[in-house]
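Chemist: Sequence:
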Amino acid sequence: MTAGQRVGDWALLVLAGLSDPSAIIFFPLFLWRWWRERHADNLAVLLVVSACAAGQAYFLATATKHFGAQVQSLNLAALLEISGSRLVIWPFFGARMVTLVPPLGQAALAWGLILALAAWVLRNDPRRPLRLQVLAAWTLITFACVYRIRPDVWPVGIDNLSYAEPYFYMSRLLLFWLVIWEFEARPAAVAWLARTSCVAGVALALPRAREAAPPDYKWAEHCEPIRRGVPANIPTLPEGWTLEYRGRPKSR
Numbered sequence: 004m005t006a007g008q009r010v011g012d013w014a015l016l017v018l019a020g021l022s023d024p025s026a027i028i029f030f031p032l033f034l035w036r037w038w039r040e041r042h043a044d045n046l047a048v049l050l051v052v053s054a055c056a057a058g059q060a061y062f063l064a065t066a067t068k069h070f071g072a073q074v075q076s077l078n079l080a081a082l083l084e085i086s087g088s089r090l091v092i093w094p095f096f097g098a099r100m101v102t103l104v105p106p107l108g109q110a111a112l113a114w115g116l117i118l119a120l121a122a123w124v125l126r127n128d129p130r131r132p133l134r135l136q137v138l139a140a141w142t143l144i145t146f147a148c149v150y151r152i153r154p155d156v157w158p159v160g161i162d163n164l165s166y167a168e169p170y171f172y173m174s175r176l177l178l179f180w181l182v183i184w185e186f187e188a189r190p191a192a193v194a195w196l197a198r199t200s201c202v203a204g205v206a207l208a209l210p211r212a213r214e215a216a217p218p219d220y221k222w223a224e225h226c227e228p229i230r231r232g233v234p235a236n237i238p239t240l241p242e243g244w245t246l247e248y249r250g251r252p253k254s255r
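Throughout the sequence shown, residue numbering follows my numbering, covering 4 to 255 in sequence.
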């Protein structure tokens, strides 16, 4: 690796690390990487990520906006049901299955399959180190997103799968990645089960490939308060939600 390539990598890490709290979420992976392969390049990357994580931690600790849901008591049953429906039931069995299977059944089926897949990933195999990295990344991002949105305290009746759906996107992608890696597994029955699961997931998702257009909130008309820097509640998606714009800080 040339000096220019190293500087380019560090610059990309800084840009990515300061764009959101990902540097905090994935810090253990960079630490693990340096511990496994201790050389100067990995140490430099770890230091850059550490600096970004420290900066993000400072902003999170000093932020004036906090979410009350994150300090409410944990409802484990609801947490497992809602997260399981979005991580496994919907992607692999289709949206209709979410309405057919009782909540506790969804939690048992989804998390039973996730634990079975995790146990299979731990087997002795040439790709085991790569699979472990993906499994670790899945664990970190899933924990962070679930903690952020706390689906177990959502109001009763929130059953729309599009509600907070982007928070589960990366976790679903990593799960599919682990399943796709089993296309060449031994015994052959495991490989065919993995292939069938992915094909079924794609086929069952086709009915939702096209969704009705959301309401036109005429966002261009709501830009004026932001331009003037005055407080405003701006309608956003999902329907019925608003973005609270607090206005531009007054200069001292």
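Honestly, the hints are just simulated from the structure, not real lab data.
Even for Gly, the Cβ is constructed at its ideal location relative to N, Cα and C.
Among these hints, one or two may not hold up.
[Stated by the list, open to error] With beta-carbon atoms standing in for the labels, derived distance ranges:
1. Asp44 x Ser22: 20 to 26 Å
2. Tyr61 x Ala206: 43 to 49 Å
3. Ala215 x Tyr150: 28 to 34 Å
4. Pro169 x Ala60: 21 to 27 Å
5. Trp180 x Ala212: 19 to 25 Å
Chemist: Does each hint fit the structure? Answer for all of them.
Modeler: Hint check:
no. : hint                        : in the structure
1   : Asp44 x Ser22: 20 to 26 Å   : holds, 23 Å
2   : Tyr61 x Ala206: 43 to 49 Å  : holds, 47 Å
3   : Ala215 x Tyr150: 28 to 34 Å : holds, 32 Å
4   : Pro169 x Ala60: 21 to 27 Å  : holds, 23 Å
5   : Trp180 x Ala212: 19 to 25 Å : holds, 21 Å
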